[in-house]
Every structure is written in structure tokens, then in C-alpha cells.
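2 protein chains.
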Amino acid sequence: MASEAADKLAQMSLNGAQSVSHGPCSNTAEWKTQLQSLSGLPESYALTKTLVFKPKTPKSQTAVLIVLIALEDSDTNSALLSKALDVKEPRFAQADAVQAALGAKPADVSALTITKENAATVQVAFDQRILDSTAQVGIHTSSSEQTAFVSGSEIKSYLESTGVKLTVIDFSLASIQAASKEVVAKPAVKAKAPAVVEGAELIGITVPKEADFSGWYQQVLTKGDMLDYYDISGCYILKPWSYSIWEKVQKYFDFRIKGLGVENCYFPMFVSAKVLEREKDHIEGFAPEVAWVTKAGQNDLEEHIAIRPTSETVMYPYYAKWIRSHRDLPLRLNQWNSVVRWEFKHPQPFLRTREFLWQEGHTAHMSEKLASEEVMQILEWYQGVYRDILAVPTIPGKKTEKEKFAGGLYTTTCEGYIPATGRGIQGATSHCLGQNFSKMFNITVEDPSWKDGMPEEQKKLHVWQNSWGLSTRVIGVMVMVHGDNKGLVLPPNAAQYQVVIVPCGITARTTDEQRKTLLDAVLDIEKELKDAGIRAFADVRDTYSPGYKFNDWELKGVPVRLEFGPKDMEKKQAVTVRRDTGAKDSVALENISGQIQTLLDTMHQDMYNKAKKSFDDNIKICKTWDEVVPALDNKNVVLIAHCDSEECEDEVKENSKGRVDADAPEDSRAPSMGAKSLCIPFEQPEGEHKIVPGVTKCVQCGENAKHYTLFGRSY
Amino acid sequence: MASEAADKLAQMSLNGAQSVSHGPCSNTAEWKTQLQSLSGLPESYALTKTLVFKPKTPKSQTAVLIVLIALEDSDTNSALLSKALDVKEPRFAQADAVQAALGAKPADVSALTITKENAATVQVAFDQRILDSTAQVGIHTSSSEQTAFVSGSEIKSYLESTGVKLTVIDFSLASIQAASKEVVAKPAVKAKAPAVVEGAELIGITVPKEADFSGWYQQVLTKGDMLDYYDISGCYILKPWSYSIWEKVQKYFDFRIKGLGVENCYFPMFVSAKVLEREKDHIEGFAPEVAWVTKAGQNDLEEHIAIRPTSETVMYPYYAKWIRSHRDLPLRLNQWNSVVRWEFKHPQPFLRTREFLWQEGHTAHMSEKLASEEVMQILEWYQGVYRDILAVPTIPGKKTEKEKFAGGLYTTTCEGYIPATGRGIQGATSHCLGQNFSKMFNITVEDPSWKDGMPEEQKKLHVWQNSWGLSTRVIGVMVMVHGDNKGLVLPPNAAQYQVVIVPCGITARTTDEQRKTLLDAVLDIEKELKDAGIRAFADVRDTYSPGYKFNDWELKGVPVRLEFGPKDMEKKQAVTVRRDTGAKDSVALENISGQIQTLLDTMHQDMYNKAKKSFDDNIKICKTWDEVVPALDNKNVVLIAHCDSEECEDEVKENSKGRVDADAPEDSRAPSMGAKSLCIPFEQPEGEHKIVPGVTKCVQCGENAKHYTLFGRSY
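Residue numbers (full-length UniProt numbering), protein chains in the order written: chain A, 1 to 715; chain B, 1 to 715.
The shape of chain A in the complex, shown without the other chains (with noise of 0.2 Å):
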């Protein structure tokens, strides 16, 4: 074998590099002590690693190995490896298919090994950072006793010259992506690849929205820069671009909370088992989702500590010691924070992940009326949220006993419409825990009415509680609802930049002093713009023509691009481009201000429309069991009159559910769904459709109907 390797090196054409000998060695660390003792050797070095899989195949096929080259301390993973390769579950080699395949032990095989005839036997992983290595980089030649030094590239040639399928992989990345559905895979040049416009995959969105909703919506999170994916499952990171629309949610918010009396504060994440514990009711509905801490530095704590699925428990205990009097009610505290569920169903971001961010307010009053009055007030400020900003319609009303808030009294909803998949979405909840808790926790008063003579035991009062959160679930509703197949679509009030400004128009004709003239009065129009309160940007970047700009910002969802080149200067106006419509049209530069938020305002007015009247047209009103499950598979949500029976909401979900396929993806799953009670919406049905108390009866089971009920296949 060694003069055939020594042919390789000739073929590689490497100057001044020859092979060394020394000792065998079986790993990386015997490697390196065998170097250590030649001299002769390059000044700086990386030495490599070679690893064979077999990825899991037929039984009726012969599987082709996978040969991945890499440098020794990058980070490899096979689970990387199986999505960059589509292969199923890679393992290590056994040493007799290694053998059958390259004619080589596994300890020395190398990217010498693979000739033009063992080639088809195997396919090769290459990692991208022996490529991007200045050093030099050690390989093995005709065995594990043999080191030449040569450059990436060289060996990366070597390879193509065999005809072996050879894949780069960026396995800098490896721990990020393991999680991650988007892998850093190129393809080498060689590869046979589909004809695709070059990177056109890595910017544009490349899923319909109609075909591959759930594919789509992580292209749409992650191109438009909402959103990475990150290495512990379930968890993402929430980028700038969605941040600042947190940000503006919590703005609009927190000064109404503010206006009401509610007081911000922070209570710790760590609950002691005991407490978290201690309203069962509630617990249960949390119990198989909280996360443990059981270890600090190298110590096991003696307790384990629970971080908070929510802080019902956590603050309770302190309204009992806080609320000594009727004068210290109301009592009304929020928290913006974090709560982790660490739930095992499938993840998705900004609907369900493990960690996320909320805020919750927890307040206790002196009557259900009181209570009753801040339920409702904080609920319409939650349809404003998704109204005011976000341009998201809504249908307020009140969960069934089945789908209320373990251990309260009642819960209060306003609930979503996503028209591409035709499921309901519970947008935010406001609940009246009534006096469990506070029976619980013993948070009392005396009752200030309370006189001599009176029974003993009506003189003290369990306060009326209640608590109420809002989460970044927000920011995937209104990605769901607008979103389009060119990206992101923002509502004005929601977006960070509500207009850019792009320079169009620059030639190579255009002379120095022109092309200062025009990018000056692109910022004149930036400062205007801000001036009066426009979050405007001048995109003046010298090195991104303007339709790599348009497409950017299209896919980033800003609302209003202004096209400004040197016919527009002559003409004292700007372009115009809707990003939720694509209509053009002109705007004077005079006042443009005035004018960009008159057409700011109408965008926002018409998102919130449309998606209003998608919303109306497919709420179906079903008047027989039949019709309920057309409608559901026609992406409707269904209204029906309804008995409020728990069991017969049962036979709701039972009856509605399709055929199941365990392997599809969720949201491909979605039809099979049984429907859930979304809400009974606060605005009944009149006229014709009214319910008559003993005459209407339910849909379901045929008692008679106490309300209408929304029903939908739900997130």
C-alpha cells in the first residue's frame, strides 16, 4: 500500500510535503504523542480525524458508509451528520464492513484511502473548517504510521478526483444545529445539484404557506430574523427583530396595568417542592412539566427546587402575610418574567416552548364584583394587544368548566383564527380564581361590615383573586395570521423600522457628487420621518444593490418601502411599496410625514380587516351534528349550540377526530384533531339563531342548549 499512497501525494501535486513514519496509533492523543517526538515537522499543524459510519438501511440494500473527515477538535455529531446526509440513524462502522468497503482497518483509514474504485462504497462528510484552516492539516496516508502535511483544499481535491459524493459540512456549528431542522450543508461543487438560482434557498422562502405550513413558518422565523433554533429542544432564541415587538407589547400593556394601580415586582424562580405542592387541583395541571433542580456545582441539594410553571403558589403565601386589612386591597402585582413548562409534545416556536416569556398579574379584592370588573377590564386590554398592535381579531368570552384554569373560578379568553390551517388559537387568558386560593393559602381580612352580635365566622373574608398572563405566544399569532410566501408581514404598530428607504437609481454613470446629493436626501427623509415619530430607516448600505434590499426587507416584513432615486428628487416625491398588498404608488415630499402615517394607519386598518373577515367567513354556525365535521375539515371553526356538559365535550373532541398518522408532522396531523371548546363567546347569537331556553337543543347530544360554544381544532 505505501507506494500506491505515495502515487496519492504525487497526485496531489503537494510541494515540499512527504509523508512521515512513526509509531501506529488508534486515537487522536497517541497521534499527537508520536509527533511530538519527530522534528521536521511544520511549525503550526491540525491534525484530522477520520470516523466511518453506517447509517440505518434495508435489509434488501447494501448500505454505503459514510467517511467523515474532520479536524480532531471539531465538534461532530452524528445527529448533524443524518440531516445533512439524509441518512437514518449513522453509527459507527463495525471493522468488517469497514474492511469490505476500503480494504482498511478502521484506525487507518484516511482521505488517502478512498480511491476511484471503492469510491460508490462510501459517500464522504467533509468538514468545512478543515477548508477554512490556515494551518496546514496532518493526515494519515497508507496507515495510522504514516502523517503528511497538506492543505484543505488539497485533500478536498484528492477526494472530487475519485468521484466519491462528497458533502461539506459546517460542523462549527454542530451544536447549535443538532436541534435545529436548517443544517449548513453545501453541497461540493462536483455534487450533481437541482437547478436553483445560487443561494436563492438561503434568502427567499422557499415553502409555500399553503403547502408546507409548518415548514413555512420556520422559514418564514428564521429568514426574516425572529427567531435561531437553539440547542436544548424546545428552547429558542428570541432575536432583536421579535424582541422589540415584545417591547412594544409590554409598552402598551404595562401603562394600562400601570393606569389601573397594578404595581410591578419579581418574585424569585425557584419554588420549594412544598409550596408548589400545596393546591392540588392546580398542581396536577403542572406537575409533569416542572423542571427540577437537584444539583449546585458538584453538591446535591438536600431539597429539590422546582423553577415556577407559573406563581400562583409562589406569591400566595405572601398576600397572606401582605394583606393584613381591608385597606391593603386591592392588592395588585405583575411581573414580567420567564416560566418554564417543560413540556414532551411537540415544539413550536413562540406556541409552545419550554421557557418562555409572560407576564403575570396576581390581585386579591374584597368582592367577585370587584374581581369580576378587573377580569374583564384586563381582557379587553389583552383584544387590544392583538388588535391595536399586532392588527389580530379576537372573540372574547369565557372557557368551559373543562378548559378553565386548574383550581379557579372561572376563565376569561380571547381566542385566535389561524386561516392557513383553520385551527382556533387561545390568544391569552384572564382568570377569576374566586376564594380557593385564598382559602387555601389563608389569605383573609376582616370584613369591614362585620359587627358585634354578627356570627363569629362571617367576620372573616377570603379575598376574590384573580391572576392573568399574556405571553410571546403574541408574536407567533401575528406571524401565523399575516405572513406571506415572500416572509414576515408586520402590522405598523408592531414593526421595529415602519419604514426603509432605499436608494434606488445609482449607475456607473452616476457621478460622485450626485449620488451624495440623492443619499443626503434619503437621510433628510430618515430625520423627518423620526421627527414625527415614524421608526424610519435609511438603507444606504453601499454594498447590497436595491433589489438585494427589497428582497431583505420584504422578507423582514417591514411595512413601507420608499424607493427614492434621482427622478424621484426631480419630481419632490418617493415610491411607495405596501408590503402587505405590493401596490406602489407616489408620495410628495412635502409633509411626507403626515402622509406615511395616514397610509401607516390605513395598512394597519386593512390587515386588521382582512384578517377580520377571515376570521368571520369561517366561523360556521352548525345547526346539526353533520355539518360539524365538513366544517372542520373545510378549515372552519364551528359555533354551535350547546349543553355545557363536560362529558358531552368529550364526545365533541371523540366524534370530530379523523384518521390518525402517528409519523406525520404536526401540523399535518392537524385534521385528524378531535375539535376542543374554544370559548362561549360573550356575544351570543341572535335572531333566528337565538337559543330558547327548553326548545334549542345541543348539537352534540340533544339535551337542551345553554349556549352557543366556538369549537375548533386548536394549537
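Honestly, the hints are just simulated from the structure, not real lab data. A hint or two may mislead.
To be verified - Short, incomplete list of chain A residues facing chain B, as computed with Cβ under 10 Å:
(1) 235
(2) 272
(3) 295
(4) 317
(5) 337
(6) 548
Built from N, CA and C at the ideal position, the CB exists for glycine as well.
For chain A, the structure is supplied; the task is to place chain B on it using the hints.
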């Protein structure tokens, strides 16, 4: 015994209560079962538990046992018991000790076992909830086979009649208070208590700042409504009064960094072990304090997951991914979040807590120069938070090599000083990380100045990084610097209420109309101040006297009190009282907001100046080592010419240590601490003190001095 017990029941003058007989019961569950089979019991009743404890007692003395009598579901807690009764380590008493003291088996002991004869052998800890119980309370009489139902107060009366020492404890707060030093123990009415104004200790500060700083600090925080203790050690609740200060700090800083182009984002709180441990130097500093999640619900996690102690290793893998070109620089991200460092040292609210709120900025730049400029800008804003919001002076400088951030290039800091203890305290730090992390995480761009023909290895440019953080510690520093023996003293720019208006001079002779006129005028003043942007609050609570309100707001540190009575109304004026100095003055109602704003500005400046003078007066330049320890013992920090060597710094620490008393509480131990380097101030002494290279010697080791370094005992 049965007849004796009957006598006692008679003594208790129970109307119609009688003892019922049943089988023996060694615990409450058995007791309940026994009672279930009986008829003629009260409709509702509560059961008690009686537990006997023996505290740790020197062998030379006879232990006084503790009989704990509580409702069966009370959360009794030996730590609370220990504190409430001031006994050491109470443990369940052995049967023979119980027999010796009370002549009964443990299972048979009840309140009625205690008699005048044996009262001296025990003391009683009595559950407040028994007194609060509206239902009748079941107790054993002569043995566990007998039960009587009586009222809680009857039990207490009986016990008092025996002369036994009795302490009522509020066990409903047990779990909360376990971690707290503040114990809710009310001496029983008949117990001998020192002559104090009833309830005084619940309102005012009882521990002078000078005498017991640590006790004072705790009282000021809890009684000033800033914070509450929590049942997990090292975790605290930030109540609205302190959280609102944090919101003001956030607003100040967030506005400024956004102007610089920093964007907010949110990274997950969880880190995989692999990512966390990637940078070895860095993680070495944090590893012993990392909290690990190992379980979710009932499932053990396959890989343990850390809660971030800081986010360098969380974020930088993504910087490597996101920074593709020099056009992506600078990348400046910030997050407002909480981090966890599970310290095992004595916790200190705000200063050393296991979870704390902070902001962490992480930025990447093209060059060291650009990175350094930002480091200094951020440090200036950190000083600004202290100076402009908290009226606290700090000294900016560079950390020594020994004290810099692990893994960084250099650390800048602003250092504060606590006059009451003479200790220095790190205010906030702004680090230049250099290229260490960018090399570790491979964060590179192509150098735009690279041209063909230049060496290939110059093409790749590792970015220059910074990280900087400011935490809720700032609040603790502010409290320690300004607070006095009346409570908190809040600087005007930090206070949630800058002015409280207290209506005065309402007497029994005041007519309803006069009262209404006065209160209307108070509300008018509040409105005028609020309209001018002053955070005013009219305290028109009619159930509290002006004197009570004065104390209340003094405790909470509100900067200005406005007193307004009928005479003031006549004179068209109001009386102002400054919280910082107590100075009284009057202001005309005409343009009151302008005058109050001037007063607030003056107060801010006065508070800052006072703190500045105290800091300046306590920085001693020491020319010889002999001066150093006496200066430190005198509550100074010292500025000494120093050689900059790490070994010498260790020597300074070692040589400045005093006698160590391991049992002493944190703060009284301070004088024994060795002095650490606080910083090398940017502003070095000039004139006579100026360092002459090669001539001026290090005060500690005698080698050539490089810089004046600030040393101090510190937090």
C-alpha cells in the same frame, strides 16, 4: 388520671363540652379514624397535634422541654421554633425525657398534661391558628383515648393558669419565615416582656445603623417595603417599592444603549453542559455555583442542563453563526434577564443572591480600538446610574489582572464605598474580552483590508468582543449609603413617590365641609405636581393619623413630605420636610411644582455631595505599609503605590487580615477581612504623590511601583 383530667375540664368552665372515649391513637390519621366512628361530635372541628422537643442544652444544665401545641395541619417548623423561643437545635424529645418531665408517654401528652406542678419543666409554643380557629378544637384529655372539644382561647387560658411559660407563634408563616431572621413571635399577654411601646418594633427601625449594620440593613429593607425573605435561602422577593427603582435604572440605561445602536434580545436561561464548559478559564470561575436541572416531571433528563450564570458561552456560538462579514459589525446585543449563581457563602439581599436581575450586554467589533471606546462609554453610563439616579459616587478604574473577568482581556469597573462599614463595593463592570472568546468560538470575518498577495492567514480577523453588566446590586448600595436610623432615604430620581402630601390639622371640631375643602386642595396639589412630571402621592387615607403617616413614609424613604393643614390653606402655602436632613420649610402654593422640582434637584445634589465627601474623606493615601492596616481598621479604603504583581496583591490581602471569629455574623467579621484590590483608578494621584518610575516603590513589597491601586475590605 381520668378524674384529674375531668377536673381540668371543669376548671376550663366548658359549657357542655365533654370528653369522648375511643381507641388509642399514636398519630392524627388514627385519631381522625377513631373519631369518624363516633356520633355526637361538633359539626365542624379542628384537631391539634402536640409535639415535645428538647433543645440543645449544655450538659451541666437540665433541658427545659418544649411542648408545641398546634393545629394538626399547621406547618410547624423547628427552625422557626428555634428562633421564636431562642433555643438551639430543638429535636424530638426521647420518650424517657418526656416521661421524666411530664409523667406521660409522648402520644398521650396534650395541653392538659401540663399542671402547676410540672409547669417549670417545660415551656409551651402555642399556635396562633388555634386562637384564630372559628371551629372548636379537639384535644386529648387524660390520654390519646380521650378527646374533648373546646375553644382555642380556653386552652390558652388553662395553660396560663398553670404558670407555664407560653409563647404564641404564627405558624401560618412558617414556611415563609424559615429562611428569614425576622420571626413573627408574639409574647403571650402574661409573659414578662420588656417595656416597649406596643407594636413599636413592628413599625420603626429598632437597630441602629452604627451598632449592628447587618441587622439594620435587614430591617430597613423589610420594614421599608423593599423586599421580603423567601423560603429558599439566597432568594428574595423584590417588592414594588424596590422594583420601581430597578425600572428607573432600566429606563436610564436602556435609552442610552439604544442610542448607541444596542438591540435587546432574549436567549434561553438553559445551557447544555457541553456549551457551558467550552471556555475553560471562564467556566472555572462559575462551575462551583452552577445550578443544574436534572429532572422534568418524573423523568430524569438524559443530559443535565445548567441555568445560565452569565451568557458568554450561551450567546457566542450564535455570534459565530450570525457574523458572516465585517458588514455585520458591530453586533451589539443586550438582555435584561435573571441569572443564577448558587453561592454557598452567606447571602445578602441585593448584594449576594442566588438569583439576581441584571442586564448583560455582549458586543463584537472590528478592532480593539472600537471595542475599547464602547467599554469606556458603557462604564460612564454605569457611573451615571449611580450618580444621576442613585446619588452615589463611584470611582472608575481598571481591575488588576487578579481581579479581572475570567477569560477576558481587561475589566473596567466603578467602585463604591459603604461608609458605615468602611468597605468597598464593586458597582458594575464593563469588560473588554479581547479575542479570546472569538478564537474559542471561531467568530471571524474576512478582513476588508486584506488584498491578494498578502499572507493568507491575515485574511481571517477574529472579532474583538466586550461584555458588560449592571445588576440589582445597585439598589443595595444605594440603601447602604443613604439609609439612616429612621429607615430608607431614597434619592429623588430613584423614588417611586418623590413627594407625599399629608393632610394635617383635621380634628374632632373640623366640619365635614372644612374637611372636604382641605382634601380637595390636597388633591389639587397632587394633580399640579403630577402634571409637572413630579411623582406625587396624596395620602388621604382617613383611618391613619398624620403622625402614623409621617413615620410610614419616613420608613419608606420618600424624599419630600408636604404637610398641608387649614392654616397652610389660609396662608396659601404648604410645609416641606426633607427626608435626608429633616429640614422643614414652607413653599407658596403659587408655582409649587417649580419650587418642589428645585427642592428635589437640590436634595439630589446634596445627597450626592454628602456621600462623595464621605468617600473622599475615607480614601487614605498610605506611603508605608505601617499605615495600611490602621487605615483599614479605621473604615478607610487605601490608595497605595503598587507594583501590579499578582503575588504582591495576595500578600496585601494576607497581611491586612485581622483576627477571625468564625461564629461572628458577616458584618462584624469584616474587620478581620484581608483587603482586596478594588481598582487601579483612571485618575492617578498627581503632584507630590505622583509615581516616579524607578523611584517610587511598591508599599507592600518594595519593588518598583507601577500604579496607585485602591485596596479595601470589600463586599
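Evaluation of the provided hints:
Taking 10 Å as the C-beta contact cut-off toward chain B, the hint placing residue 235 (chain A) at the interface holds, the least distance being around 4 Å. Evaluation of the residue 272 (chain A) hint against chain B yields a held restraint, the C-beta minimum of about 6 Å falling below 10 Å. Annotation: interface hint on residue 295 (chain A) holds; nearest CB of chain B at approximately 4 Å, less than 10 Å. For residue 317 (chain A), the suggested interface contact is upheld, since its CB lies about 5 Å from the closest CB of chain B, less than 10 Å.
Interface restraint check: residue 337 (chain A) against chain B, minimum CB-CB distance 8 Å, threshold 10 Å, status holds. Evaluation of the residue 548 (chain A) hint against chain B yields a violated restraint, the C-beta minimum of about 12 Å exceeding 10 Å.
Going through the hint list in order, the structure does not satisfy hint 6, though it satisfies all others.
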